[in-house]
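S.K.: The chain contents come next:
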Amino acid sequence: MLAYIVRRLLIAVPTILLLIVASFFLMHFAPGGPFTSERPLPPAVLANIEARYGLDQPLWKQLWDYLYNIVVHFDFGPSFKFKDRDVNDIIAQGFPISLTYGSLSFLVATSVGVSLGIAAAIKHNSWIDYFAVGLGIAAQALPNFIMGPILILTFTLWLGWLPGGGWNGGQWPYLIMPVIALATSYMGSIARITRSSMLEVLNSNFIRTARAKGLPTRTVIWRHALKPTLLPVVSYLGPVFVYVLTGSVFVDIYFSTGGLGQAYVGSALSRDYAVLLGVTILYGVLTVLVNLLTDLAYAWFDPKIRY
Amino acid sequence: MNKHIRTTLAGLLTSTMITGAALAAGTHPETGEALADDQTFTYRILDEHSSVDPQVVEDVSGAEIVRDLFEGLMNQDEDGNLVPGVATEFTTNDTKDVYTFTLRDDAKWSNGDPVTAGDFVFAWKRAVDPALSSPYAWFMELMSIENAAEIIAGDKPVDELGVTAIDDHTLEVKLSAPLPYFAQMTTHSTTFPAPQKVIEEFGDAWTKPENIVSNGAYVLTEHLPQERSVRERNEMYWDNDNTIVDKVVALVINDENVALTRYLAGELDRTEVPAGQFPRLQKEHPEEAISFPRLCNYYYTFNLSDGGPEAFKDPNVRQALSLAVDRKIITENIMAGGQPQAYTFAPEATAGFTVPEVEMASMSQQERDELAKELLAAAGYGPDNPLSFEMVYNTSEAHKKVAVALSQMWKQKLGVNAELANMEWKIFLEERGNQNFDLARGAWCGDYNEASTFLDLLQSDSGYNDGKYNNAKVDELLAQAKTSDDAAPLYTEVERIIAQETPVIPIYHYAGVYMMDSDVGNWPVNNVEQNWYSKNLYKIAE
Numbered sequence: 001m002l003a004y005i006v007r008r009l010l011i012a013v014p015t016i017l018l019l020i021v022a023s024f025f026l027m028h029f030a031p032g033g034p035f036t037s038e039r040p041l042p043p044a045v046l047a048n049i050e051a052r053y054g055l056d057q058p059l060w061k062q063l064w065d066y067l068y069n070i071v072v073h074f075d076f077g078p079s080f081k082f083k084d085r086d087v088n089d090i091i092a093q094g095f096p097i098s099l100t101y102g103s104l105s106f107l108v109a110t111s112v113g114v115s116l117g118i119a120a121a122i123k124h125n126s127w128i129d130y131f132a133v134g135l136g137i138a139a140q141a142l143p144n145f146i147m148g149p150i151l152i153l154t155f156t157l158w159l160g161w162l163p164g165g166g167w168n169g170g171q172w173p174y175l176i177m178p179v180i181a182l183a184t185s186y187m188g189s190i191a192r193i194t195r196s197s198m199l200e201v202l203n204s205n206f207i208r209t210a211r212a213k214g215l216p217t218r219t220v221i222w223r224h225a226l227k228p229t230l231l232p233v234v235s236y237l238g239p240v241f242v243y244v245l246t247g248s249v250f251v252d253i254y255f256s257t258g259g260l261g262q263a264y265v266g267s268a269l270s271r272d273y274a275v276l277l278g279v280t281i282l283y284g285v286l287t288v289l290v291n292l293l294t295d296l297a298y299a300w301f302d303p304k305i306r307y
Numbered sequence: 001m002n003k004h005i006r007t008t009l010a011g012l013l014t015s016t017m018i019t020g021a022a023l024a025a026g027t028h029p030e031t032g033e034a035l036a037d038d039q040t041f042t043y044r045i046l047d048e049h050s051s052v053d054p055q056v057v058e059d060v061s062g063a064e065i066v067r068d069l070f071e072g073l074m075n076q077d078e079d080g081n082l083v084p085g086v087a088t089e090f091t092t093n094d095t096k097d098v099y100t101f102t103l104r105d106d107a108k109w110s111n112g113d114p115v116t117a118g119d120f121v122f123a124w125k126r127a128v129d130p131a132l133s134s135p136y137a138w139f140m141e142l143m144s145i146e147n148a149a150e151i152i153a154g155d156k157p158v159d160e161l162g163v164t165a166i167d168d169h170t171l172e173v174k175l176s177a178p179l180p181y182f183a184q185m186t187t188h189s190t191t192f193p194a195p196q197k198v199i200e201e202f203g204d205a206w207t208k209p210e211n212i213v214s215n216g217a218y219v220l221t222e223h224l225p226q227e228r229s230v231r232e233r234n235e236m237y238w239d240n241d242n243t244i245v246d247k248v249v250a251l252v253i254n255d256e257n258v259a260l261t262r263y264l265a266g267e268l269d270r271t272e273v274p275a276g277q278f279p280r281l282q283k284e285h286p287e288e289a290i291s292f293p294r295l296c297n298y299y300y301t302f303n304l305s306d307g308g309p310e311a312f313k314d315p316n317v318r319q320a321l322s323l324a325v326d327r328k329i330i331t332e333n334i335m336a337g338g339q340p341q342a343y344t345f346a347p348e349a350t351a352g353f354t355v356p357e358v359e360m361a362s363m364s365q366q367e368r369d370e371l372a373k374e375l376l377a378a379a380g381y382g383p384d385n386p387l388s389f390e391m392v393y394n395t396s397e398a399h400k401k402v403a404v405a406l407s408q409m410w411k412q413k414l415g416v417n418a419e420l421a422n423m424e425w426k427i428f429l430e431e432r433g434n435q436n437f438d439l440a441r442g443a444w445c446g447d448y449n450e451a452s453t454f455l456d457l458l459q460s461d462s463g464y465n466d467g468k469y470n471n472a473k474v475d476e477l478l479a480q481a482k483t484s485d486d487a488a489p490l491y492t493e494v495e496r497i498i499a500q501e502t503p504v505i506p507i508y509h510y511a512g513v514y515m516m517d518s519d520v521g522n523w524p525v526n527n528v529e530q531n532w533y534s535k536n537l538y539k540i541a542e
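These protein sequences, in sequence, are chains A and B. Note that the first sequence covers residues 1 to 307 in this note's numbering. Note that the second sequence covers residues 1 to 542 in this note's numbering.
Okay, chain B solo, but in the shape it has when bound:
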């Protein structure tokens, strides 16, 4: 290469860097840390994502990508607090059933078109449209948007959805019931805007990299199914000047041990730590092995339906089994990833939720075991009449270890015979959903950061209440919480009833357990929902 061309190229490169990515290869404007030249963030995803269509996506890894490609009305910050997204502010009426969002006027799609209130109206109508049949249509119903339920059921036309574009920058939403946390729900991918023109032009193929138009900080540039998905800086994004990471690569690696090896070989910036390996990794890589609480619970549910075992209809039996579970052994010896022990159904990390004083939590394990024996004896079970039941879980090494530990604890302490049965995932869901079980594993991750996302599972008519727990008082409290300004005491009361009646055995709450390259800056460890945005991350120079 001759000198002239070289100089020209160098000049071109420099000017591109100045105009395109002013912040890369400099220092971070707030922390002053030196930034790496290569601002690429590479992370592992377990499985190919279902879609990058905001109204269609239904899995966590797909939603992560969608959160980078599209921007909704509101975003979350590092701590999970609401911050403006496309909307700069919102107001609500006294009865909290009409919300009005003001949209920023500099928001653009990646093709340069302005993002308008009409794009949200189109997207939200699309989400409930029976013609699209989105698997997340229920989320719009959960948001209590006027007529959403009727439209999904096909009883009303799509146009009657309670959402209106007053003008290009004002969006009004009418709710069928007051909902204090409605704005929180607009951080969910189902509510993100969709580009009508592009969808009408390309149909289902609109999400392919060559067709897609998006309004987030990134655009999809490459997608090789089962292998990788690449997104790069969106020059049209309104806050592009403050975005630091240029490129985000998601690699599909099904096997978590292979992913860990590839992380250790330097191919990845982030991967999950397989169960039980955290203590070793933390010793070897103290800077990189991290663990923080997450908004998910792990529990076993009793079958309390009419067809369920007679023994479980006695609260003493249920409480005895819960008391005899030594949660410390499970969290410290089996999972070993910093998971908090669980004595309540909703995790302590849930926003605005006060964990009630549950009696069991303050007892020593020995005291719990003593009480468990008494309760079980009072219920009429003992060496002459041992309690026997079957416990089911879906096939997985980690679930098996937990189930074996539970059955051993019950056998040794209480003489209970718990027979283990594992099932393939879909069969497990079918059996559990049809109450064909005695005791079944369950886990739930919050759809939004509010205790009702967990506690609603124990509402008698909830479709997710597989144990068919039915308590009129709990139902009443949960119904009150929906419209109450301060629901925290109501949730605490619900947890207190659950602790007494023990329809479920909470085991532990999840932790995010990652290997994270120490040069990744600003990972939101305090965001319990793990709603992360690549635009807020940066790579530190080594």
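Same shape as in the complex, but just chain A:
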């Protein structure tokens, strides 16, 4: 197991390196640069700025300096757009916010989704089932960019219960709408996957055996059916976890949370090279780590899998 983890982490190093190099060149080949603006800068001013940020160096040199600063100083470079902050500042400010409402959304989506799915499967073809399936499908059809405006109109404008945006250090009234908006559609998918997986498990031989030997339903469900049911759910949850942490740009835009998603998209549009690369690396590392965790979780859920 430990050897497996070490091996996976060692493979991650060239993967991330490849990601950095590919992103670096793609970014520089995109037309326009960080200082392309509607008021084109006079050549002398542009030259001063490029010299200041080392953009006048050949690309390979820039890439080398960039990697060197990361490895030696853990410095991901300056922001070209926000002069008083560097990439480390931007990530330190935005990532905790994304992490907070992302993890909460993940918890809500998983707990509600799995519960709904299990309830629906156990009470197959009852009103509970129909309700859960209906809710799941409806939720799945409501991605966060649809949920955002619906929630704001309902809870801010009509009912006046919740503030329409902002973060305020993550106080709960500011958290509710972003979490619901982000969690809803994933919750729907998780409910559906859980339900169909549970139905399949409940029809399998080992469950029939468990029932036949007279175990109470509760024990059958919790001790025998749950773990195999969750196997396909877990394989879905891995990527979902990365998505909720990273794909929150709509939530950031609608609720002005100050999260990293907005900074990421903004940096791509303004060609803020170092910010774009820094966040890409963060997302890359997260993806690698979460994939590893997912694979390890498989082993726990399915005894047939051994590393």
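A few of these clues could be false.
[What the hints assert, rightly or not] Computed cross-link-like contacts, SDA-like style, restricted to lysine to any residue with a CA-CA straight-line distance of at most 25 Å:
#  : chain 1 : residue 1 : chain 2 : residue 2
1  : B       : LYS468    : B       : ASP438
2  : B       : LYS401    : B       : PHE292
3  : B       : LYS426    : A       : MET27
4  : B       : LYS426    : A       : ILE221
5  : B       : LYS247    : A       : LEU162
6  : B       : LYS482    : B       : PHE202
7  : B       : LYS174    : B       : GLU160
8  : B       : LYS283    : A       : TRP158
9  : B       : LYS482    : A       : ARG39
10 : B       : LYS426    : A       : PRO31
11 : B       : LYS426    : A       : PRO173
12 : B       : LYS482    : A       : GLU38
13 : B       : LYS313    : B       : ASN147
14 : B       : LYS96     : B       : GLY26
15 : B       : LYS108    : B       : VAL249
16 : A       : LYS304    : A       : LEU226
17 : A       : LYS61     : B       : ALA131
18 : B       : LYS426    : A       : LYS304
19 : B       : LYS468    : A       : PRO173
20 : A       : LYS304    : A       : ILE221
21 : B       : LYS426    : A       : ARG39
22 : A       : LYS227    : A       : TRP158
23 : B       : LYS400    : A       : TYR68
24 : B       : LYS373    : B       : TRP425
25 : B       : LYS426    : A       : ALA47
26 : B       : LYS247    : B       : VAL60
27 : B       : LYS401    : A       : PRO149
28 : A       : LYS213    : A       : GLU200
29 : B       : LYS400    : A       : LYS61
30 : B       : LYS247    : A       : PRO173
[Stated by the list, open to error] Covered by chain B, per the in silico footprint, the following chain A stretches (three or more residues, Cβ under 8 Å):
#  : stretch
31 : 2-13
32 : 106-117
33 : 182-196
Derived from the structure by calculation, the hints contain no laboratory data. The beta-carbon is built from N, C-alpha and C at its ideal position, and this holds for glycine as well.
Based on these hints, arrange chain B on the given structure of chain A.
M.R.: Positioned in the frame of chain A, the structure of chain B alone reads:
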């Protein structure tokens, strides 16, 4: 809470209010309106501002904050006229190339230090210093300050900039060319003073709320990037006694529809009205939906460079396309926010600018369409030989609607095939700047309130002249205007030539279209540059 503590607290509160903010919770000294107890002004900004460093800031929302935090030599009043700022007066010599400003002796930084001429010298040298590489260094060049261009290019040392502190309260500026409107340009944030000690102590981090020292009516007290920026009354400000608004909060809300919802829910005092929604909002909230002219234009530019389409080299073709644009449909049905129709490049609202009698403006749309057909036929285009070109704009719903309307008008009236292409902003700028287009969208907001800020775009060697329009007469007139005491007739003449030759198709001039809470007093709707100062605003009691 026992009675004793309560009384003490009440006493403390009262005394703080008397000494700190004598005017809040009273009546306005001039208008007599009852003032609200809570003097907080909250408004929406579209995007996180680039910086609050006066010499570095490059975006409109950042400049708005900087105008509150710092005060330059001159300010603008509600109508955009020059009023004293840190300088109480200025004089200039006969040739208008030396300006001398007298600074008030009661101006202070928020740490209590006096504001001196040396602070301006430091700031202005900083703005042109290649080491800072300010994206607004060009503004100092535009102000024609002696040696600015050479210093920016690295050919001369920073110390040779033509600005001197004669003493603590006298600032002398030498210009490389006479500039009649130089004093107007000192209302721009790039020219605001900077606190040398603080900058040297904290470096780039000097603008963080815990470090910043400023000389304006407000100090920065909180900054949560991508979320909010808060500024509060500066007790050290020389005119603090006349400042009414205590606190100004800028909330970053990227989506304009969300901002409108939050405005309607009472979270904001001001927000922008999304395109097309003004008529409905005006009906529902007549007191709050406001529209006023602004100093910006919206146009399409022909590519007149050697690589541009042959067809556009014929002025008849260009004029035909301009004539066939029904500006009324675009301003009233698409934008619908009170935008004025444009037949000239510089907006009518520009100070000291007389709109020339442009023939097209006085014609009916039907007459224009008739003439357009004739001109296009004369140029050799018709049903057998239709004119085709590509028109590019940067990706945006509103730009798309305008582009679709234009292409439809040209198709129906003239049988012209205009193919639409949208591009992401930076790609669009790159392509337009390299003349890789046939017809491209353009828009320009004045850097100062004078027609040259617009018309200079059509000067043959201007870096902003993306259409590469080249007319020796226009160049000559614009050069004359730089030193002329009365440039208005020259600008009118330039507009007349532009109307004849049509290097651009002016579509409309911008309007500021806002939802503004009716308890916000004194918003400067007549300041076409929208240079507003929170210190001049007040909140009326409901």
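S.K.: Per the coverage rule (Cβ-Cβ under 8 Å, at least three residues), is the stretch 2-13 of chain A covered by chain B?
M.R.: Answer violated; 0 residues pass the 8 Å Cβ test.
S.K.: Given the proposed pairing of B/LYS400 with A/TYR68, does the C-alpha separation stay at or below 25 Å?
M.R.: violated (45 Å)
S.K.: Are the Cα atoms of B/LYS401 and A/PRO149 separated by 25 Å or less?
M.R.: holds (23 Å)
S.K.: Does the structure keep B/LYS426 and A/PRO173 at a Cα separation of 25 Å or less?
M.R.: Distance of about 38 Å is beyond 25 Å: violated.
S.K.: Does the structure keep B/LYS247 and A/PRO173 at a Cα separation of 25 Å or less?
M.R.: At roughly 23 Å apart (the allowed maximum being 25 Å), A/PRO173 and B/LYS247 satisfy the hint.
S.K.: Is the straight-line distance between the alpha-carbon of A/LYS304 and that of A/ILE221 25 Å or less?
M.R.: holds (20 Å)
S.K.: Check whether three or more residues of the stretch 182-196 of chain A sit with their beta carbon closer than 8 Å to a beta carbon of chain B.
M.R.: violated (count 0)
S.K.: With the threshold set at 25 Å, check whether the alpha-carbon distance from A/LYS61 to B/ALA131 stays at or below it.
M.R.: Answer holds: A/LYS61 to B/ALA131 is near 21 Å, not above 25 Å.
S.K.: Verify the proposed pairing of B/LYS400 with A/LYS61, using a straight-line Cα cut of 25 Å.
M.R.: violated (41 Å)
S.K.: Sort out whether A/LEU226 lies within 25 Å of A/LYS304, counting only the CA atoms.
M.R.: holds (16 Å)
S.K.: For B/LYS313 and B/ASN147, compute the direct alpha-carbon distance and say whether it is at most 25 Å.
M.R.: violated (39 Å)
S.K.: Does the structure keep A/LYS213 and A/GLU200 at a Cα separation of 25 Å or less?
M.R.: holds (20 Å)
When the structure is compared with the earlier hints, violations turn up for hints 4, 6, 11, 13, 14, 18, 19, 22, 23, 24, 29, 31, 32, 33 and for no others.
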